[in-house]
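Go ahead and model the full structure; you've got the sequences and the hints to work with.
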Amino acid sequence: MRVVIVGGKLQGVEAAYLAKKAGWEVILVDKKTNVPAAEVCDQFYLFDVTKVVEWIPFLREIDLIIPALENLEALDSLVRSANYAGVPIIFDENAYRISSSKINSNAMFAETGVPCPVSWPECGFPIIVKPSEASGSEGVVKIDSALEFKRLFAEEDLTNWVIEEYLDGPSYSLEVIGFSGVYKVLKITELHMDESYDCKRVVGSVMLSDELREKFEQIGLGLAHSLRLNGIMDIETILHQGQLKVLEIDARLPSQTPIAVYHSTGINMLKILGEAFVQGKPWHAFDVSEKRGVICEHIHVRDNLLEVSGEHVMTDHGPLRHYTDFFGADEAVTSYLPGKTEWVATLIITEKDCQAAWNKRNSVIQEIQKEFGIRHYQDRY
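Throughout, this note's numbering is defined as the position within the sequence shown, counted from one, plus 1.
Incorrect hints may have been included.
Pairs of lysine-lysine residues, derived as BS3-like cross-links and limited to a Cα-Cα distance of at most 30 Å, are as follows [to be verified]:
| id | residue 1 | residue 2 |
| --- | --- | --- |
| 1 | K10 | K22 |
| 2 | K272 | K21 |
| 3 | K216 | K143 |
| 4 | K10 | K143 |
| 5 | K353 | K371 |
Pair ranges (Cβ atoms, derived) [stated by the list, open to error]:
| id | residue 1 | residue 2 | range |
| --- | --- | --- | --- |
| 6 | G243 | N360 | 41 to 47 Å |
| 7 | R98 | R322 | 33 to 39 Å |
| 8 | D49 | P127 | 38 to 44 Å |
| 9 | K33 | K143 | 30 to 36 Å |
| 10 | L159 | R229 | 29 to 35 Å |
| 11 | E368 | P127 | 25 to 31 Å |
| 12 | F126 | V289 | 38 to 44 Å |
| 13 | S102 | E156 | 20 to 26 Å |
| 14 | Q280 | L338 | 14 to 20 Å |
| 15 | V183 | D211 | 39 to 45 Å |
These are computed hints drawn from the structure, not numbers from a lab. Glycine included, each C-beta is placed from N, C-alpha and C at the ideal position.
Given below as structure tokens:
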């Protein structure tokens, strides 16, 4: 199958990685050069997909379009051109318009009874303030007091911001796929955050009771039904005082967690969903079970320092490359080249179980420090 991924940032890296694992021919398109995914694909084209007259002929030999961007103008153009050219596109326009606004998402949570953080001023301090339409951890600020809130936001128009209680506890993620009224929850993963609330590590094994797992899966299925999901959705929760609360949803291919799910279970969610869209029918029933312990982690090497960092560090180091057996890690997606003194990497580490994977991860970190003579290690929370 010949697929085109539109968008070469971190979502594009995730899509290209999974598409290659599916055995597809992968063409990447972006309007900028040197994007992270430019060398993880088979072919790269510099292209602005809003230039419809040029874009439509490009689709003649394409079997599937995979959007990996969040620009509404480009997404709207992709939907129109896909419909015109008769090429399936993995994108749910209506679900995305709800999930891309935290204000709209929270309204849906309230209507459907989904547990979520209490909005301010009904809650006390500390609180979290975040822009409604930003992605991931972008713009997220924790405020500990009314004085700090006034100092930071006294002159700010907060109409398009979400303000809610700060919740402490472990974070978890779950993907749901949907097609023609058939929905499937995949595997729950645990998210570890850096000091700016950006995900720095995904762990493929989670310590949740059967009751909480079932509760999370039911939340996922309920949200998919409410959205009438045709595509993929990512749900992020936090476990606070024994209760899972939904922080946000994103109705688009996420980054980080699908690769962890793939190595933990052997399930390639992009392959399953892509085949459904191309064939025009849902997947056959399948089970999801953990087969391997998995850790996916981002590191930044520079100035005699190895730092574990949030995913944002992967965006600014030019094209990434895919390696196997990377200093003891099973695989890595990295900017590393021999002779470079500064580079980043997403390490993919698997073992028979989570504890064995963590021990292997420690050995990988030590091997990198030894190889490059790095004395300092940093992992902020």
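We went through each hint and held it up to the structure:
As the CA atoms of K10 and K22 are separated by approximately 18 Å, the hinted pair is consistent with the 30 Å bound. Between K272 and K21 the CA atoms are separated by roughly 10 Å; this keeps the pair inside 30 Å, and the hint holds. Straight-line distance between C-alpha atoms of K216 and K143 comes to about 28 Å, which keeps the hinted pair within the 30 Å bound. Distance hint between K10 and K143 is fulfilled; the C-alpha atoms sit about 27 Å from each other, no more than 30 Å.
For the given pair, K353 sits about 25 Å from K371 by alpha-carbon distance, which is consistent with the 30 Å threshold. In this structure the supplied range 41 to 47 Å is violated for G243 paired with N360, their Cβ-Cβ distance being about 30 Å. Between R98 and R322, the C-beta spacing of about 35 Å keeps the proposed range 33 to 39 Å intact. At about 43 Å, the beta-carbon gap between D49 and P127 stays in the expected band of 38 to 44 Å.
Between K33 and K143 the Cβ separation comes to about 32 Å, which falls inside the hinted range of 30 to 36 Å. For L159 and R229, the hinted distance range of 29 to 35 Å is satisfied, since their beta carbons lie about 31 Å from each other. Distance hint check: the CB atoms of E368 and P127 are about 39 Å apart, inconsistent with the given range 25 to 31 Å. Our hint of 38 to 44 Å for F126 and V289 holds, since their Cβ atoms are close to 40 Å apart.
About 24 Å separates the C-beta atoms of S102 and E156, a value consistent with the hinted range of 20 to 26 Å. A C-beta distance of roughly 40 Å is found between Q280 and L338, which places it outside the suggested range of 14 to 20 Å. The hinted range of 39 to 45 Å is not satisfied by V183 and D211, whose Cβ atoms lie roughly 24 Å apart.
Violated hints, listed in ascending order, are 6, 11, 14 and 15; each of the other numbered hints is respected by the structure.
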